[in-house]
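Engineer: Residue strings, one per chain:
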Amino acid sequence: MKKNEIELFPTLIIKYDNFITEQQRVDILNYVEKSKTKFKTDVGIVTGCASTTYPIDDLILDDIEKCVSSWFNIKESIQTQINSYCLRYGVRTKPIDNSWISIQPKGTKLKKHIHPKSTISGVLYLKKADSQDNTVFYSVNPYIDYMDKSYDTKYTIHKTEISSKQSDMILFPSWFPHDNNEVSSDEDRIILSFNTFA
Amino acid sequence: MKTQSIDLFPIPFFRGIDALSKEQLSDIIKFIETSPDHYFKYHPAFGDPENSKSSFLPQPDVLTYFDENIPSCKGLKQSIQRVVDSYCRHFGIEEVVICNSWVNVQSKGAETTRHLHGRVAILAATIYIRKCDDTYFYTPSPFSQMIPRDFSRPTTKYTTDPQKINCNDGDMLLFPAWVSHASKPHMGDEDRIVLSFNCSLKNV
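Going down the list, the protein sequences come from chains A and B.
So in the numbering used here, the last spot in the first sequence is 647, and the numbers never skip.
So in the numbering used here, the last spot in the second sequence is 443, and the numbers never skip.
I should point out that these hints are in silico values taken from the structure, not numbers from a laboratory.
All residues carry an ideal CB built from backbone N, CA and C; glycine is no exception.
A couple of the hints might just be wrong.
[Said to hold, decoys possible] Pairwise CB distance ranges (calculated): (1) 578(A) / 243(B): 40 to 50 Å; (2) 243(B) / 452(A): 48 to 58 Å; (3) 484(A) / 443(B): 15 to 25 Å; (4) 493(A) / 403(B): 17 to 27 Å.
[As the list claims (entries may be wrong)] Taking lysine-lysine and the BS3-like style, the derived pairs with C-alpha atoms no more than 27 Å apart in a straight line are: (5) 316(B) / 452(A); (6) 561(A) / 515(A); (7) 452(A) / 423(B).
Please take these sequences and the hints and turn them into a complete structure.
Structural biologist: Rendered as structure tokens:
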């Protein structure tokens, strides 16, 4: 008897290595430093003293395009990848909606959440320690723990983290629950997040 | 820029091609067609009383019964168990054993309503004796119907729900018992015959 393995109903994540250049990364961190007034510190979705531009300025990409010359067409660059993701995923193409920057110092942790009213979401890592503070995704399969597992495989785990480094970007369905492990490095974790219209 | 596509949390299926030989299929069909009436009973999951019958209740272990009564099927249960063992090892699941097995016979108009085998079973399987119609499998994701699918293009492996797996007579599909599945109303003149079985934990 010939045997085939078949995988049904996976969820698509696309990771883009070095989506921005090192110069763009330096420029955006300078912008963040100068824009501290846009950030609020009472962030319910993060434990500890994190800060974010959400929802004070949740169209931050528009402001960045105006203020940071090396980022003048960043929205179009991201949109191109979103369109490609949508085609591959099999959903209608959606334009970028809101966008915001979050800063997480050591010891903070982003709580598990989804992005309601959006179709595709993304994270661009502006500053993070390599191999740490990755985004963790959770299976929505309510039966996943029903199978008694003998060891971890991609079929038996109920959460997994996407290893990434600064300058990388990931795209994922907005309904996909995610969080991040507690920031363990002395450096802040700084990310730019965005949604698309539902 | 390097891009990497990552498929998270897929559900593992095993398709055994030609799990049953042509001789075994023919012998099983002959055996079923000449079986006495009390061998089968009506089961509401598989159609109406006038167009379906199942050995699920009266004969809860047809694989052993076939092993003992159909010469070409001697050792069949053991060989299927080996495939089950291989599935468990490969996908990282605790060892399970075949705990019950039954045959469904559906004539024109009968359909298998959507159901799953989870409760006692860890794995479930279907062997197509006379296939006729596909089995449709449904994602357990509660978000499946909320994504704005692009209806101008074919569905993808990320959006197809339910999904069918191409099989022929004699093929076997092995899958987690919690995956719900169904078949559309059978429209052929010949009866649709499938053999199904469940597996439960070996070490309980």
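Engineer: Compare the structure with each hint and give your call.
Structural biologist: To see whether the hints hold, each was checked on the structure:
In this structure, residue 578(A) and residue 243(B) break the distance hint of 40 to 50 Å, their C-beta atoms being roughly 20 Å apart. Under the hint 48 to 58 Å, the C-beta atoms of residue 243(B) and residue 452(A), about 28 Å apart, miss the expected range. In this structure the supplied range 15 to 25 Å is violated for residue 484(A) paired with residue 443(B), their Cβ-Cβ distance being about 60 Å. For residue 493(A) paired with residue 403(B), a C-beta distance near 44 Å fails the hint of 17 to 27 Å.
Between the alpha carbons of residue 316(B) and residue 452(A) the distance comes to roughly 17 Å, so the proposed pair stays at or under 27 Å and holds. Between residue 561(A) and residue 515(A) the CA atoms are separated by roughly 32 Å; this puts the pair beyond 27 Å, and the hint is violated. Taking the CA atoms of residue 452(A) and residue 423(B), the gap is near 26 Å; set against the 27 Å cutoff, the hint holds.
Checked against the numbered hints listed earlier, the structure breaks hints 1, 2, 3, 4, 6; every other hint is satisfied.
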